[in-house]
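Student: For reference, the chains in residue letters:
There are 2 protein chains.
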Amino acid sequence: MQMKLLQKRIVKDGQIEAGNILKVDSFLNHQIDVSLLEEIGKEFHRQFAGQTVNKILTIEASGIAIACIAARYFQVPVVFAKKTRSLNIAGDVYTAKVESFTHKNTNDIIVSKKFLSPGDRILIVDDFLANGKAILGLAKLVEQAGATLVGAGVVIEKGFQDGGKRIREAGIDLHSLAIVEEMDTEHGIRFREETL
Amino acid sequence: MQMKLLQKRIVKDGQIEAGNILKVDSFLNHQIDVSLLEEIGKEFHRQFAGQTVNKILTIEASGIAIACIAARYFQVPVVFAKKTRSLNIAGDVYTAKVESFTHKNTNDIIVSKKFLSPGDRILIVDDFLANGKAILGLAKLVEQAGATLVGAGVVIEKGFQDGGKRIREAGIDLHSLAIVEEMDTEHGIRFREETL
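Chains as they are written, first to last, in UniProt numbering: chain E, 1 to 196; chain C, 1 to 196.
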């Protein structure tokens, strides 16, 4: 279920830029409004209530802020995957390839094997969902570890790209707190309508 | 003033590795113990009590976790500087060069001019202080913006490297929550003794 407070903030402070870029760097991923993140963290906790989660997994850099504040409500540790372009990765890590929509490049993402185990029940969180590659990459790390993926929580889903569809079709329980269905500089932002 | 709880955790879970590396990736900068970060955030708030801080500045990636949790106690937003190796930076950013001790490379760090202003009173926080380049780089961004640097809070200072000395000599009010004076695999870790 989407979050009205967040939708309003996106409309108020988000900037639509060429190339389907939605810039929310004044409150989410460069400057960070921590009080908004607290509401986001609470909302993820509410939406995944009744599920056992013992670790939150995210990806550097801006995912870390969301994961750490959300982790307070779940009372669990955070693990963040690191991005690297180096190929000489030691053997003691789980790894996947992730193409970035924003940066138009491919990174290896890695997590040390010490921090993901078969007994773990993982919630993935991230700031943006566009083509879904980051979350699918993180899900691969969870699978490599033999851990259980409880679901994925995303702050902003770009509903006009296919990432959300891919992730839902992969059977992942995806909760997006705002789903942008359409946006352009002339008409602004339209969020996906939901039947409750 | 140093923090006993943190010192104990470093002794318990930190790993000393070749090349003066102190690995704390099980609780601080890969897997993150958010409940420890809460104690760290509270302690920074106590140590900078009485000072007006309206923004916390840090650098991606692991600084973000510490900054966001600390920001809850200060009730201020966070801004994180981004690392980039690209030279084609747009003109609307403050920028400085930072050599990384851990990664043996040099990055440009950038902050959008929108998020640092002359009226700002900035607290810098980071996870590690070794050669001091990251904090001095962040201080340069604060200076470029004409903002006031209130001080710097660091989780772990490597007291046997010269970063702490440089930063204190630059007149920055530096608070390190643990200062490792000596470490080796044989004798373990000795923290700096403080006269209270």
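Hints are computed from structural coordinates only; laboratory data are not their basis. Any given hint might turn out to be false.
Repeated chains share a single entry, so a pair holds when one copy, or any two copies, can fit it.
[As the list claims (entries may be wrong)] DSS-like mimics (lysine-lysine), calculated; alpha carbons at most 25 Å apart, straight line:
| no. | residue 1 | residue 2 |
| --- | --- | --- |
| 1 | LYS114 | LYS12 |
| 2 | LYS12 | LYS133 |
| 3 | LYS104 | LYS83 |
| 4 | LYS8 | LYS114 |
| 5 | LYS104 | LYS4 |
| 6 | LYS4 | LYS83 |
| 7 | LYS104 | LYS140 |
| 8 | LYS133 | LYS83 |
| 9 | LYS97 | LYS83 |
| 10 | LYS83 | LYS23 |
| 11 | LYS97 | LYS133 |
| 12 | LYS165 | LYS114 |
| 13 | LYS97 | LYS8 |
| 14 | LYS114 | LYS42 |
| 15 | LYS42 | LYS83 |
| 16 | LYS140 | LYS12 |
| 17 | LYS4 | LYS97 |
| 18 | LYS113 | LYS42 |
| 19 | LYS8 | LYS104 |
Student: None of the hints should be skipped; say for each whether it holds.
Tutor: Quick rundown of the hints versus the structure:
Proximity of LYS114 to LYS12 under the C-alpha cut-off of 25 Å is restricted to the inter-copy arrangement: shortest distance 16 Å between copies versus 42 Å within a copy. Taking identical chains as interchangeable, the C-alpha atoms of LYS12 and LYS133 are never at most 25 Å apart, the minima being 28 Å within one chain and 37 Å between chains. Taking CA atoms no more than 25 Å apart as the test, LYS104 paired with LYS83 passes in both settings, with 14 Å inside one copy and 17 Å between copies. Within a single copy, LYS8 and LYS114 get their C-alpha atoms only as close as 40 Å, which misses the 25 Å cut-off; across copies the closest is 21 Å, which meets it.
Taking the closest pair of Cα atoms, LYS104 and LYS4 never come within 25 Å of each other, the shortest separation being 31 Å inside a single copy and 45 Å across copies. Neither within a single protomer nor between protomers do LYS4 and LYS83 lie at most 25 Å apart by alpha-carbon distance, with minima of 32 Å and 33 Å respectively. For a Cα distance limit of 25 Å, the shortest separation of LYS104 from LYS140 inside one copy, 21 Å, qualifies, whereas the shortest one across copies, 30 Å, does not. When the C-alpha separation of LYS133 and LYS83 is checked against a cutoff of 25 Å, the pair qualifies both within a copy, at 13 Å, and between copies, at 22 Å.
Taking identical chains as interchangeable, the C-alpha atoms of LYS97 and LYS83 lie at most 25 Å apart whether they share a chain (9 Å) or sit on different chains (21 Å). Taking identical chains as interchangeable, the C-alpha atoms of LYS83 and LYS23 lie at most 25 Å apart whether they share a chain (21 Å) or sit on different chains (18 Å). Taking the shortest Cα distances, LYS97 and LYS133 sit within 25 Å of each other inside one copy (9 Å), while across copies they are farther apart (31 Å). Taking the shortest alpha-carbon separations for LYS165 and LYS114, neither the intra-copy value of 32 Å nor the inter-copy value of 35 Å comes in at or below 25 Å.
Taking CA atoms no more than 25 Å apart as the test, LYS97 paired with LYS8 passes in neither setting, with 34 Å inside one copy and 37 Å between copies. With identical chains, the CA atoms of LYS114 and LYS42 are never at most 25 Å apart, being 28 Å at best within one copy and 29 Å at best between copies. With identical chains, the CA atoms of LYS42 and LYS83 are never at most 25 Å apart, being 27 Å at best within one copy and 30 Å at best between copies. Within a single copy, LYS140 and LYS12 get their C-alpha atoms no closer than 36 Å, and across copies no closer than 31 Å, so neither meets the 25 Å cut-off.
In the homo-oligomer, the alpha carbons of LYS4 and LYS97 never lie at most 25 Å apart, since the shortest distance is 34 Å inside one protomer and 41 Å across protomers. When the C-alpha separation of LYS113 and LYS42 is checked against a cutoff of 25 Å, the pair qualifies neither within a copy, at 29 Å, nor between copies, at 31 Å. Within a single copy, LYS8 and LYS104 get their C-alpha atoms no closer than 29 Å, and across copies no closer than 43 Å, so neither meets the 25 Å cut-off.
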